Each structure stands twice: as structure tokens, then as C-alpha cells.
Amino acid sequence: VALCQLSVTADKARNIARARAAIESAAADGAKLVLLPEIWNGPYSNDSFPEYAEDIEAGGDAAPSFSMMSDVARSLQITLVGGSISERSGNSLYNTCCVFGSDGKLKGKHRKVCTETYFR
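So our numbering is basically just the index in the sequence shown, starting at one, shifted up by 42.
Worth flagging that the hints you see were computed from the coordinates, not collected in a lab. Careful, some of the hints might be misleading.
[What the hints assert, rightly or not] Pairwise CB distance ranges (calculated):
no., residue 1, residue 2, range
1, E80, D53, 23 to 33 Å
2, R116, L48, 16 to 26 Å
3, A52, D97, 12 to 22 Å
4, S134, E66, 17 to 27 Å
5, N133, D71, 41 to 51 Å
6, G72, P92, 17 to 27 Å
7, R153, S87, 27 to 37 Å
Being a predicted model, the structure only gives us computed values, none of them experimental. We put the beta carbon where it would ideally sit given N, CA and C, even for glycine.
Build the full structure now, drawing on both the sequences and the hints.
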């Protein structure tokens, strides 16, 4: 089991690359279950949530953090608990945790029940 602590910046692509590197390092050390922190792909602020939000249902370019987590879980054959990312669904924003199996498929998704006032 590995818990990743990340230094988050305003550069989303860099945050995604750092998270991937941390996951790869944990797996190289033998972890089969890797966990990321809350809102790891961008700053934790009300101003940032809409900017960094991803459309998980659309996938691909609309959800680069989600896509990376799926890909790295599959390629490393690990279970990955994706901490949480800002998710956009319709006109709503959610603080969402995704769990990926070793096949890279989404096994579970949880939208935080007691959220900051911004989400919903």
C-alpha cells in the first residue's frame, strides 16, 4: 500500500505528470494499492474548481486526470484510489473520487456528500 503526497501547482499537466511519476515509483517499490490525495490535479480553491473540472463521462481530452489514472492502473496492474478531482456533470461540479482496478476500468466513483459550499 502506498499513499502519495504531491506538491500541487497551477499547472494541471505538470500535476498529472507528477502524480503519474509518484504512482509509478510506488508500484516499482511493490505497492499494489496506491492512493492519491484530495484535489491533486489543481489548486484547492473555489476559483480553481471550475477551471480544473473534468467531464469524466466524456473521457479523453475532457478528462486528462481520469484518463491518466485509468491508463497507469492498467499498465502497472495496480488498484488506484484517485483521491479526488473536480468533476463537471452538466451544470454541476463535484469533488469526486474514482477507484480503478488493475485492468484500468473504473470500479467505483464517489461524489463527496458533505462538500465545500462551491460544489453541487
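* To do: State, for the Cβ atoms of N133 and D71, whether the hinted interval 41 to 51 Å holds or is violated.
  => holds (42 Å)
* Asked: So does R153 sit 27 to 37 Å from S87, Cβ to Cβ?
  -> violated (19 Å)
* Between A52 and D97, does the C-beta distance stay in 12 to 22 Å? -> Once the Cβ atoms are compared, 20 Å apart, the range 12 to 22 Å for D97 and A52 holds.
* Do the beta carbons of R116 and L48 sit within 16 to 26 Å of each other? -> Given a distance of about 21 Å, which is inside 16 to 26 Å, the answer is holds.
* Asked: Holds or violated: 23 to 33 Å for the Cβ distance of E80 and D53?
  -> violated (18 Å)
* Using the beta carbons of S134 and E66, state whether their distance is inside 17 to 27 Å or not. => violated (33 Å)
* Asked: Has the hinted range 17 to 27 Å been met by the Cβ atoms of G72 and P92?
  -> violated (38 Å)
Checked against the numbered hints given earlier, this structure breaks hints 1, 4, 6 and 7; the rest are met.
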